[in-house]
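Asker: Sequence:
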Amino acid sequence: MAKNNVLIKKPDIIDKLGSVTVMCIEKTGILTENQLEVNGIWSDKKDTEVKLLENKQKKVSVVTIDGFNNELKRSKPSPLLTAMTVCNNAQFDHINGFSTKVSTKQALKKWKKEHSGIKSLTKIFTVIDAKGHSNKLDPIDIAKLENGFITDVDEHTDADIIGGPVDVALLKYANKLSNIDDERNSFPKLIEIPFNPIRRWQLTISRCQQPPQGVDAELLPDEMGSDDVVNVEKWEEYGYHGYRVIGFAMKHFISKSCESFSVSSNNYPINELVFLGMASLIDPPKIEVTKAMEEIKAAGIKIVLVAGDPASSVLAVAKEIGLIPKEVVLNGKSEKHESSWTIINGDNISMYKDSDWDKVFHHQVILFAHVNPTQKLQIVQEAQKRKETVAYAGINTVAAIGTADVGIALSGSSTDLAQNVAGIILTDNCFASILKGIEQGRLMFDNLSLSIAFTLTHLLPEICPIMLTFIFEMPLALQPLQILLIDLITDFFSSISLVWENHPESDVMKLPPRNCNKRLVPASLLLYAYGFAGIAITIGCFAAYLSVFWYYGISLSDIVLTSEDFWDYKSENLTVSSSIIILTAAEQVHIRQQASAAWMGTLIFAQA
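Going from the sequence shown to the working numbering is simple: count from 1 and add 543.
These are computed hints drawn from the structure, not numbers from a lab. Check before you lean on any hint, since a few could be wrong.
Calculated cross-link-like contacts (lysine to aspartate or glutamate; reagent style EDC-like; alpha-carbon spacing at most 16 Å) [as the list claims (entries may be wrong)]:
hint, residue 1, residue 2
1, LYS862, GLU837
2, LYS928, ASP901
3, LYS829, GLU863
4, LYS559, ASP989
5, LYS715, ASP636
6, LYS559, GLU931
7, LYS794, GLU735
8, LYS715, ASP703
9, LYS879, ASP890
10, LYS902, GLU931
11, LYS719, ASP703
12, LYS715, GLU580
13, LYS862, GLU831
14, LYS546, GLU982
Since the model is a prediction, treat every value here as computed from it, not as a measurement.
All chains, please: the whole structure from these sequences, using the hints.
Answerer: Here it is, written out as structure tokens:
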């Protein structure tokens, strides 16, 4: 399994994986790349499409002799960008990042126009830049630096940003249009309430170092009123395309200089905020996901897609990866139920009764939208109550991953805690790899059953010779050494080879999952081993055994009640009444050995 990028942490987990009937999958990071990018901005009733942010023109900044960067004559950032920058936990990795200084002709002309009075000097100085490179500069160049020589500075690259996927995507966008460091320095944080999947918002209270004049009239749009419908419609439009939508709001207020804010005191304002706009973020599905979903459905496994996003976004992603028909629409509803699939809003789960959950798990595809970690755990538990074997693939929902029968984590996406509680880790960070695990789990169970059936079929042919000798005193058909030879050599290697069979006659991934209570050796297998195959092999072996005696003119009646006095080297001569022949002790042993070889050969041949 390790060769197939499936790391099994518990030996028995692969058997459970083969019997999985419900596959719970988190959308973000499992089905999608978890590499969010801002692709749209809605602000002041205007929709701005964002394309190829990497190709946007770089910011124009000032590099001083001390190495600090200050923006020069840049247009004032919009309140939306300010909120996007300040209420954001992503950070630049200043340790690994550095500034690259590249002068431009336009910057040089601008400087000459504003500093035409500097006289030309001839002395040369050596200046070492941020990379450690030395340059020969004359006093004019030094003056340019001291007085604010304009250079084209790529202050931070996308690779320098660390943080959550949403915060990183928003900061990448804001970094193209504003100076992040200046913005954050202008609004130092006093208190921050981080995002919580239950309340679904994040709040930052910052002190405004330079209060803007006429902020309500100039910088902020009008308070929400009749525009509510327009904004909601735009939010739904983003959702129908499968985008994640982040809204921004701001409020300027005056507080006492000695007043301190804290979460416990609950003295922070959360009402009467002014809506600034929205940012839509795209998180494309992984390439291999669509095919993987088809194979999971073909295997008869129910698919449960869980996400914290709105129903419209979840529906769009489900259509894109082929879980539901593309022509499906919600028409403003948050839930929809069809014969083969259903979509459920997490806000309504608390009102569900047992009968409602029974109806939910009758569907092949189940979509849960707007759910939090507690509700994800509840979904797993409700499925287990209905005798389902549940697998859960997630990023950071530790409780659900640990409670599921099979917890699945991705090495590159899941948190360390999630990987610790998971029973399976996909080392290539590809969800499609779990299909190999399911196939191997099913194949292993079938191979073990086949190996046991193969082993059981030879027990009756081995016991029968002893019973014939004990009851009818016939010559012993199988000697103890022959039985050991069959059990330890011929059967052993054959049964082991069946366990390692990788090419079954039927495609196990197109069969429904087995019942988790199904026994490895059911009554049907015992009936086959002893009642059908065992009896058939025993009859064949007995016929081959008798054929040797018939060849020498000895009938069945001639060998009954003879084992105690004949058929060894110390036996007396045996007179065969049916053919009137006399067999010496050596001839008796020779015939018995040939008969034993016939029984053993037939048994081995029947199992081949």
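Asker: Determine for every hint whether it applies to the structure shown.
Answerer: Verification of the hints:
no., hint, in the structure
1, LYS862 / GLU837, "12 Å, holds"
2, LYS928 / ASP901, "10 Å, holds"
3, LYS829 / GLU863, "11 Å, holds"
4, LYS559 / ASP989, "13 Å, holds"
5, LYS715 / ASP636, "13 Å, holds"
6, LYS559 / GLU931, "11 Å, holds"
7, LYS794 / GLU735, "15 Å, holds"
8, LYS715 / ASP703, "10 Å, holds"
9, LYS879 / ASP890, "14 Å, holds"
10, LYS902 / GLU931, "14 Å, holds"
11, LYS719 / ASP703, "14 Å, holds"
12, LYS715 / GLU580, "8 Å, holds"
13, LYS862 / GLU831, "15 Å, holds"
14, LYS546 / GLU982, "14 Å, holds"
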